[in-house]
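Could you build the full structure based on these sequences and the hints that come with them?
One point on numbering: in the numbering used here, the residue at position 144 of the sequence shown is 144, and numbering is uninterrupted.
There may be inaccurate statements among the hints.
[Claimed, not checked] Derived pair list, reagent style DSSO-like, types lysine-lysine, alpha-carbon separation capped at 27 Å: (1) Lys165 x Lys175; (2) Lys181 x Lys165; (3) Lys181 x Lys157; (4) Lys150 x Lys165; (5) Lys165 x Lys178; (6) Lys178 x Lys157.
Think of the hints as simulated: they come from the structure by calculation, not from any bench.
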Amino acid sequence: SASGECLEDVYVADFCNLNQYMFNLCIKAIMICLTYINFLPIPWRVAIGVDAWGDALTDRGRHEPPGLDFYGRETEALWFHIPRHRRALIALLLNLAWVSHMVAVGFCLGYWSYVASQTWPGALAINLPGIGSFVAIVSAGVLQSGDESKLIAAQPKRFPPAMSKILLDAFVAWKSGKSGKPLRQTVRDAFAELQVRRGSHKNLALVEINMDAVSHSAA
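Dropping the structure here:
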């Protein structure tokens, strides 16, 4: 048009210039990459969703203590020690994230051209579920990280710190010169110390199990 605007009803092509054509292709490529990332954890997210909501909605689940896996076995996996109602909320958000993303991808492919994706109704159809997916995954990450941090702080000998904290502490120790070693060696030592702690906890758990077995057999 005379004002330089790109209007679908007056423009003879589905894009205004080469920049917008390439921009449209890049957006499609990014959406495809994000689809691959969202596709990989779908089995896990569905499984924890069924498990968490099944427990939350049944009498059996409400009376079971935390720390039991999908099969009712005791586990040290941090996820299963998060309170059940919080797991249900996090699982719901994680599943909403990938479902919303798939909806956004469908509309992104349906409204293929630049003009169609930037005008009504394509812009709303693509961006609304896309933003919803982003908000859901970020919210789930914040909630899960907060709950895991509380568990680690309450039982540091049982639950190891997050990998990000291990790397950050190692970097700080190297940067300040406290470690007295190269960064790579500092990080390796930090993970070696973590493995020792994990081994000690496992050995302690085995001792407790053996003691329980002995006491039951003696009784």
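Problem set entry | Those earlier numbered hints the structure runs against, lowest number first | Per hint list: zero violations.
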